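Peer 1: Each protein sequence line maps, in turn, to chains A and B.
End of the first sequence = 778 in the working numbering, gap-free, step of one.
End of the second sequence = 279 in the working numbering, gap-free, step of one.
Bear in mind the hints are in silico, worked out from the structure with no lab data behind them.
Just so we're clear, the structure is a prediction, and the values are computed from it rather than from any experiment.
All residues carry an ideal CB built from backbone N, CA and C; glycine is no exception.
Each hint should be verified, as a subset may be incorrect.
Residues of chain B placed beyond 12 Å of chain A at every Cβ, according to the derived structure [to be verified]:
#1 F7
#2 E9
#3 V26
#4 G111
#5 A113
#6 E142
#7 P178
#8 D201
#9 T215
#10 F217
#11 R226
#12 A276
Derived coverage of chain A by chain B (criterion: at least 3 residues anywhere in the stretch with Cβ under 8 Å from a Cβ of chain B; other residues may be distant) [what the hints assert, rightly or not]:
#13 634-648
#14 655-667
#15 735-749
#16 759-770
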Amino acid sequence: MPDTVGVPDQTSFDAFYRASRQRLFNCLHALTGDPAEAQDAVHEAYARAWQRWSRVGGYGDPEAWVRTVARRIAVSRWRRTRNRLVAHRRLGEPPALPGPGPDTVALVTALRKLPVAQRTAIVLHHLAGLPVAEVAAETGVPEGTVKARLSRGRRALAQQLGVSEDAHV
Amino acid sequence: MSNQLDEFFEQLRGQAPPAPFAPAAAVRRRGRQRANRQAVSVGVAVLAVTGLGAGSVVTLTGAPGPDPAPPAATSSRDTPEPAPTSPTSPPDPEPTRTEVPAPWLLTADDLGGAGWEPAGNELLEGEWYWDGAQAWCPEFRIEDYPSIRQRWDLGTVSWVRDGEAVPERVDQIVELFEPGAAQSNLADVRAYVQLCSRRGVDGDETAPTYYEVEETGFAGDESLLLRVEQYAFNEDDQIEPVGEFHRVAVVRVGDAVTTIVYQASADVRELAQRAAARMG
């Protein structure tokens with residue numbers, strides 16, 4: 610149930626959800642490579658936000674809170690899938706994306722080949738638009754580490770996608 | 000980022016989800032149902048724990064967990080910067096090691112040789128192995144485990160081979176910490192196990208993991224041997240253990256910590272001792 614601290618503001622939650630859900634889906638899609646998994650993690654994260662909306666809604670950036678929760682849900686599921694060899698064999702590879710353009714397929718495929726830490730940094734910086742300092746704060750690592758992950762990740766993406774990588778953070 | 004890469008990301012931004020987003024009312028309902036299930040499962044789990052008797056294992060804090068911390072404001076971060084990997088000060092006679100050397104990682108020969116092949120392991124890289132429990136352990140907050148911020152370097156290796164029923168898999172993570180922080184990291188692992196070990200019960204919405212400390216002090220300077228039972232939902236949406244348990248060994252040698260995960264019920268004690276010898 611929602612917090613007992615104050616009365617949860619249904620209107621503000623609904624507005625927040627509608628305004629931010631596509632951005633959050635974009636991030637989770639890029640991180641997981643699986644749109645269905647991404648959408649479910651997004652819904653679950655918002656459900657948890659509603660449980661605590663009287664507090665979360667008061668944060669300066671509630672979207673960052675939901676994004677962090679959604680990422681952790683996704684990471685937990687990856688890890689569980691990895692560990693469950695039987696389930697993995699039964700389920701096989703994640704399904705192909707339904708109907709995206711070839712560039713989106715190529716990008717998602719390339720992102721999935723990056724180590725998770727690089728992928729997360731790339732998605733938060735280049736897709737969610739967070740400055741390096743905020744990526745560092747959200748992932749709990751120093752800014753220098755984020756810059757290194759971005760640099761390596763961009764280089765790998767550019768190679769895989771056959772494009773130039775000519776700019777720096 | 001190059002304009003070309005930007006164009007790729009721009010197309011991804013416009014990608015529609017596979018189904019329409021749930022209405023806000025449905026999301027709120029999911030949140031309420033989740034809260035109700037948590038209240039039920041916590042009550043059941045507390046009863047179960049009180050009936051367990053003595054053991055080295057589960058502690059379940061009965062109260063619902065706190066929120067994840069609000070995203071830290073950039074200006075308020077006080078995370079210590081790791082030392083540079085290439086020290087700029089004059090080298091000591093025995094310079095402090097800042098990178099995980101390749102010989103510290105287990106080889107196929109260490110595992111017995113025949114049949115073992117290298118495996119991909121990207122999920123081992125980057126964040127702390129024990130992170131990610133937030134989904135089913137609401138008390139877990141990565142901020143409560145600060146030693147990971149004092150990590151200098153990380154090395155990983157994974158091996159697989161065909162097994163009788165399912166493939167066998169060994170994952171090894173070696174983490175090198177700034178002086179003194181490896182001991183804190185072992186303490187963080189113990190704290191994590193203490194906080195988040197839980198068996199699945201009817202009414203759970205998320206599938207937990209149960210850890211039992213089977214042995215300590217068998218390798219290196221400090222060591223833990225964990226028995227790990229994972230839970231998942233079956234086709235009838237009932238929670239149940241997933242296959243056989245597996246074991247994880249965590250060993251500290253000086254300022255390094257290795258975590259060895261053997262996806263089989265086999266004993267990893269011997270592997271942990273070999274790893275400790277390599278790191279010594």
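Peer 1: How about the region 655-667 of chain A: do at least three of its residues have a C-beta closer than 8 Å to a C-beta of chain B?
Peer 2: Answer holds; 9 residues pass the 8 Å Cβ test.
Peer 1: Is the claim that B/E9 lies outside the interface with chain A correct, judged by CB distances over 12 Å?
Peer 2: Violated, since 9 Å does not exceed 12 Å.
Peer 1: Is the Cβ of B/V26 more than 12 Å away from each Cβ in chain A?
Peer 2: Non-interface label fails for B/V26: nearest chain A Cβ at 5 Å, not farther than 12 Å.
Peer 1: Measuring Cβ to Cβ, find out whether B/F7 lies farther than 12 Å from everything in chain A.
Peer 2: violated (4 Å)
Peer 1: Does the no-contact call for B/F217 survive, Cβ to all of chain A over 12 Å?
Peer 2: B/F217 clear of chain A: closest Cβ-Cβ about 23 Å, beyond 12 Å.
Peer 1: Find the nearest Cβ of chain A to the Cβ of B/E142 and say whether that gap is larger than 12 Å.
Peer 2: violated (7 Å)
Peer 1: Was B/P178 rightly flagged as not at the interface, with every chain A Cβ beyond 12 Å?
Peer 2: B/P178 is indeed farther than 12 Å from all Cβ atoms of chain A, at 18 Å.
Peer 1: Once the closest CB in chain A is found, is it more than 12 Å from B/D201?
Peer 2: Nearest chain A Cβ is 19 Å from B/D201, so the label holds.
Peer 1: Is the claim that B/R226 lies outside the interface with chain A correct, judged by CB distances over 12 Å?
Peer 2: holds (14 Å)
Peer 1: Taking 12 Å as the cut and beta carbons as the points, is B/G111 off the interface with chain A?
Peer 2: Given that every Cβ of chain A is farther than 12 Å from that of B/G111, nearest at about 19 Å, it holds.
Peer 1: Establish whether the coverage given for the region 759-770 of chain A by chain B is satisfied; the threshold is a Cβ-Cβ distance below 8 Å, and no fewer than three residues must meet it.
Peer 2: holds (count 4)
Peer 1: Are there three or more residues in the region 735-749 of chain A whose C-beta lies within less than 8 Å of some C-beta in chain B?
Peer 2: holds (count 10)
Hints 1, 2, 3, 6, counting from the list given before, are not met by this structure.
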